[in-house]
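Asker: For the sequence shown, the numbering used here assigns the number 86 to the last residue and increments by one with no breaks.
Because the hints were derived from the structure by calculation, they are not lab data.
All C-beta atoms in this analysis are idealised placements derived from N, C-alpha and C, irrespective of residue type, glycine included.
One or more of the hints may lead you astray.
[Unchecked claim] Here are the simulated lysine-lysine pairs, DSS-like style, with alpha carbons at most 27 Å apart:
hint	residue 1	residue 2
1	K23	K67
2	K61	K23
3	K23	K38
4	K41	K26
5	K61	K1
6	K41	K67
7	K1	K23
8	K41	K61
9	K38	K61
10	K61	K26
11	K41	K23
12	K1	K67
13	K38	K26
14	K67	K38
[Said to hold, decoys possible] With beta-carbon atoms standing in for the labels, derived distance ranges:
hint	residue 1	residue 2	range
15	L51	S(-6)	33 to 41 Å
16	C82	P35	27 to 35 Å
17	E46	S(-6)	30 to 38 Å
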Amino acid sequence: MDGVRNQSASAACSFGKAAGYVEMAVIGNRIPFELVHPKSYKTHFRIPSSPDRKTRKANARETAARLLPQVREHFAKTNDDAKAEAALLALYARNVLCAASK
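Could you put the whole structure together from the sequences, leaning on the hints where they help?
Answerer: And the structure:
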């Protein structure tokens, strides 16, 4: 799991600690899980890559809007990229990970 870009060392440590608590709770309760790297779902949905960060984020928003037209307004603004990435990750989990466990 990666932290947030330009995050302070203290904030990164807090983030890692919180992520560890979640992972510990999942493992402790024997809940199966799989860590998914962004490259996995971006490749699955054929999201074009780019050396430019803004273009990559725009590509994710456009893909989320195309795949989820009923909620496309949630990906309309430039700063909606995190919502788009979360939606794509959830869609990947449903389509790939859940399908594999059936």
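Asker: Are the Cα positions of K23 and K67 separated by 27 Å at most?
Answerer: Roughly 17 Å separates the two Cα atoms, so the pair holds.
Asker: Given the hint that K23 pairs with K38, test it: the Cα-Cα distance must not exceed 27 Å.
Answerer: Within the cut-off at roughly 17 Å; holds.
Asker: Need the status of pair K38, K26: alpha-carbon distance at most 27 Å?
Answerer: 15 Å, holds
Asker: Does K26 lie within 27 Å of K61 when you go C-alpha to C-alpha?
Answerer: The given pair, whose Cα atoms are some 20 Å apart, holds under the 27 Å limit.
Asker: Check whether the Cα positions of K1 and K23 lie no farther apart than 27 Å.
Answerer: 24 Å, holds
Asker: Given the hint that K1 pairs with K67, test it: the Cα-Cα distance must not exceed 27 Å.
Answerer: Given pair K1, K67 holds - Cα atoms ~23 Å apart, limit 27 Å.
Asker: Honestly, do L51 and S(-6) meet the 33 to 41 Å range at C-beta?
Answerer: 37 Å, holds
Asker: Quickly compare the C-alpha distance for K41 and K67 to 27 Å and report which way the hint goes.
Answerer: It holds: about 11 Å lies between the C-alpha atoms, which stays within 27 Å.
Asker: Look at the Cβ atoms of E46 and S(-6) and judge whether their distance stays inside 30 to 38 Å.
Answerer: 35 Å, holds
Asker: Take a quick look at whether K67 and K38 sit within 27 Å of each other, Cα to Cα.
Answerer: 15 Å, holds
Asker: Hey, K38 versus K61, does the alpha-carbon distance stay inside 27 Å?
Answerer: Since the Cα atoms of K38 and K61 sit roughly 12 Å apart, the hinted pair holds (cutoff 27 Å).
Asker: Below or equal to 27 Å on CA atoms is what counts here, so check K61 against K1.
Answerer: Violated, at roughly 31 Å.
Against the hints set out earlier in the document, a violation occurs for number 5 only.
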